[in-house]
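Taking the hints into account, I'd like the entire structure generated from these sequences.
In the order they appear, the protein sequences are chains A and B. All residue numbers for the first sequence refer to our numbering, where the first residue is 1 and numbers rise by one. All residue numbers for the second sequence refer to our numbering, where the first residue is 1 and numbers rise by one.
Keep in mind that the hints were calculated from the coordinates and are not lab data. A few of these clues could be false.
[Stated by the list, open to error] Label pairs and their in silico Cβ distance ranges:
no.	chain 1	residue 1	chain 2	residue 2	range
1	A	Leu56	B	Ala92	29 to 37 Å
2	B	Tyr124	A	Ile214	50 to 58 Å
3	A	Leu308	B	Ser127	42 to 50 Å
4	A	Leu386	B	His129	51 to 59 Å
5	B	Tyr37	A	Leu68	19 to 27 Å
6	A	Gly50	B	Leu157	35 to 43 Å
7	B	Arg80	A	Leu374	54 to 62 Å
8	A	Ala146	B	Arg82	51 to 59 Å
9	A	Leu27	B	Leu15	39 to 47 Å
10	B	Leu15	A	Ala395	40 to 48 Å
11	B	Leu176	A	Leu56	32 to 40 Å
12	B	Ala36	A	Leu56	29 to 37 Å
[Claimed, not checked] Partial list, computed: chain B residues near chain A (C-beta under 8 Å):
no.	residue
13	Met13
14	Val17
15	Ala28
16	Pro47
17	Trp165
Built from N, CA and C at the ideal position, the CB exists for glycine as well.
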Amino acid sequence: MSRKFLETESPTWVEKGIITAEQQQRLLGLYPPDEKAIGLLPILGSLLVGLSALSLVAANWQGLPEFLRLAILLSALAGSYTAGEHFLRRGNTSLGIGLVGLGLILFGASIILVSQMYQLIGYDVTGLVAWSVAATGLTYLYRSRALFIMTVVISCIVQGYNTGQLGAFSYATAAFTAFTLGYYWWRNPDALLGMVLSVGLLWQAGLLVNYLHIKITWFFVGAMLIYTLGDWQTDRPAGRALQSPPIAAAFLFMLGLAVFGEAGSYTDILRPPLLAYLAALGAVFALSLVAKRKRGRLGGATDWLLLLPGFYLPGGLPLAIAALVVLYAYTGTLLWRAHQEQNPDRVTLGTVLFILTTAVAYFKLTWGFMDKSLFFLLGGVLLLGLSWYLQRRAARTLAASESTEKPRS
Amino acid sequence: MATPLPQNHRRWMLLLVAAQMLFLLAVAAAGYATTAYGRVVTLRTLPIDPRDLLYGDYVRLNYTISQVPTSLWQESVLPRRRQAVYVVLRPAGEAYEAVRVYAQEPTELPTDQIVLRGWIEDRYRRSLHIRYNLERYYVPEGKSKELERKGRKHPMLVHVSIAPWGQARITDAQVLP
Numbered sequence: 001m002s003r004k005f006l007e008t009e010s011p012t013w014v015e016k017g018i019i020t021a022e023q024q025q026r027l028l029g030l031y032p033p034d035e036k037a038i039g040l041l042p043i044l045g046s047l048l049v050g051l052s053a054l055s056l057v058a059a060n061w062q063g064l065p066e067f068l069r070l071a072i073l074l075s076a077l078a079g080s081y082t083a084g085e086h087f088l089r090r091g092n093t094s095l096g097i098g099l100v101g102l103g104l105i106l107f108g109a110s111i112i113l114v115s116q117m118y119q120l121i122g123y124d125v126t127g128l129v130a131w132s133v134a135a136t137g138l139t140y141l142y143r144s145r146a147l148f149i150m151t152v153v154i155s156c157i158v159q160g161y162n163t164g165q166l167g168a169f170s171y172a173t174a175a176f177t178a179f180t181l182g183y184y185w186w187r188n189p190d191a192l193l194g195m196v197l198s199v200g201l202l203w204q205a206g207l208l209v210n211y212l213h214i215k216i217t218w219f220f221v222g223a224m225l226i227y228t229l230g231d232w233q234t235d236r237p238a239g240r241a242l243q244s245p246p247i248a249a250a251f252l253f254m255l256g257l258a259v260f261g262e263a264g265s266y267t268d269i270l271r272p273p274l275l276a277y278l279a280a281l282g283a284v285f286a287l288s289l290v291a292k293r294k295r296g297r298l299g300g301a302t303d304w305l306l307l308l309p310g311f312y313l314p315g316g317l318p319l320a321i322a323a324l325v326v327l328y329a330y331t332g333t334l335l336w337r338a339h340q341e342q343n344p345d346r347v348t349l350g351t352v353l354f355i356l357t358t359a360v361a362y363f364k365l366t367w368g369f370m371d372k373s374l375f376f377l378l379g380g381v382l383l384l385g386l387s388w389y390l391q392r393r394a395a396r397t398l399a400a401s402e403s404t405e406k407p408r409s
Numbered sequence: 001m002a003t004p005l006p007q008n009h010r011r012w013m014l015l016l017v018a019a020q021m022l023f024l025l026a027v028a029a030a031g032y033a034t035t036a037y038g039r040v041v042t043l044r045t046l047p048i049d050p051r052d053l054l055y056g057d058y059v060r061l062n063y064t065i066s067q068v069p070t071s072l073w074q075e076s077v078l079p080r081r082r083q084a085v086y087v088v089l090r091p092a093g094e095a096y097e098a099v100r101v102y103a104q105e106p107t108e109l110p111t112d113q114i115v116l117r118g119w120i121e122d123r124y125r126r127s128l129h130i131r132y133n134l135e136r137y138y139v140p141e142g143k144s145k146e147l148e149r150k151g152r153k154h155p156m157l158v159h160v161s162i163a164p165w166g167q168a169r170i171t172d173a174q175v176l177p
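Below, the structure written as structure tokens:
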């Protein structure tokens, strides 16, 4: 409840005799007004002064002697960290963390500028790895969500630069990010951070697969390893958040196979050696199952239906149909479980995915055989009917869940 | 921020900031030291494309020693991609040229020769493509005007300082007519 809400609403409550004026004051006392240490105008003013200094330096950067450039970078770095610390101690959290974040960005920029000054860039990847190490250190020191997200983004940038520009994958960066940030998230479970971390790690896994020139389906072994970490997490919302990006990636991949699988021209980049792939994926699956059993969520194992390796079937129609079967198996069980658990959010998600799969299936299987107008008419009717039926079921489920909850409340 | 800062937060923060500043100073020091203690060799590039400057503040350099004949390779087994190699350079006219390529750093060398470290980028039947991590030249302002004025592609002479510990950096470059 915000103070503003209390301030506007509480006079009415006093009028109606719900609370007394004294109680109103005590309630307001529970929500002290935010400390507004700095007005807007001084901030804007200092921003303008800062920008003018920045443009002055940038315009003359090449002409400045090297030691002066170095001194400017170092003092800007130290200055923003000091200012950040100062505001944090005064209780101005967002400005403080913002300035610490600025210091972190300045560190990265300084690494690049100093290396350019001495024509050292491209020598090796250490410089930028130091950036992500510093970011991780700050995350642990300030325990800030904003810094955590910055750290994930920075290590994604560092890895992207390594593979794109230097043609090397920094295993150190990847492992360091996975372990330090993974551990942080493990100890401080959080849904948003789980999602961000998961996307960041998927990006690194994708870069690695691309760098090693191995079959792209190996990506899912890494992705499901991240998913399995979510199974072991005791905080369920945080675990779910970590798991949704890998599942979304697997779903989109299968959807892509269902739509474009017929071409068959790229099926040779999909098939790793069967035994090795199945063994690796099976090992991750076993780990995931053990965790699900321990946490009493074996029903969630249906997520793994998306990982059925239908792509080993020959290219063309069999491949597309296999992908559709996998998609239907997944969305069907998702819907069924959502109705069983009477979880409205998942009913909606399941409905959307099921209709999407049906649309793809219909498009895939009938486009070639039917007159176009009949195709669209039947498709429309099919989708309308399906969504009507699913909506009705959803409504019934929700009504049932409300009636079962009522006696309790 | 809900969680309170740890007890010795300030000490750790000081350490972390100091480490970052030291790191930057170390990068700068490495740059200085490579020039101060290094031996300068001149390398010739293939014609470079001044249009690179439209997209960034550096040009991509392709040296005459970026592509060496496989016959210079001194080992029995051909190198793998991304393997580190040691290229022995010898002055030949205005610039240095590659004379031998080793998998291990050679110890005894005539005084007029010097080793430059590189990495195998690609291998073809007759030649090895080697990357030295000297392929980017951040062009100072004065020089970029000169490059743009010349307009078309020109080769460059690049001065590279090679430190005794193997690090190398570009110290200067001139555009050939």
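Going down the list of hints, with the structure as the test:
no.	hint	in the structure
1	A:Leu56 with B:Ala92: 29 to 37 Å	47 Å, violated
2	B:Tyr124 with A:Ile214: 50 to 58 Å	24 Å, violated
3	A:Leu308 with B:Ser127: 42 to 50 Å	47 Å, holds
4	A:Leu386 with B:His129: 51 to 59 Å	57 Å, holds
5	B:Tyr37 with A:Leu68: 19 to 27 Å	24 Å, holds
6	A:Gly50 with B:Leu157: 35 to 43 Å	42 Å, holds
7	B:Arg80 with A:Leu374: 54 to 62 Å	59 Å, holds
8	A:Ala146 with B:Arg82: 51 to 59 Å	37 Å, violated
9	A:Leu27 with B:Leu15: 39 to 47 Å	44 Å, holds
10	B:Leu15 with A:Ala395: 40 to 48 Å	60 Å, violated
11	B:Leu176 with A:Leu56: 32 to 40 Å	36 Å, holds
12	B:Ala36 with A:Leu56: 29 to 37 Å	31 Å, holds
13	Met13	6 Å, holds
14	Val17	5 Å, holds
15	Ala28	6 Å, holds
16	Pro47	20 Å, violated
17	Trp165	12 Å, violated
In the structure shown, a violation is registered for the earlier hints numbered 1, 2, 8, 10, 16 and 17, in ascending order.
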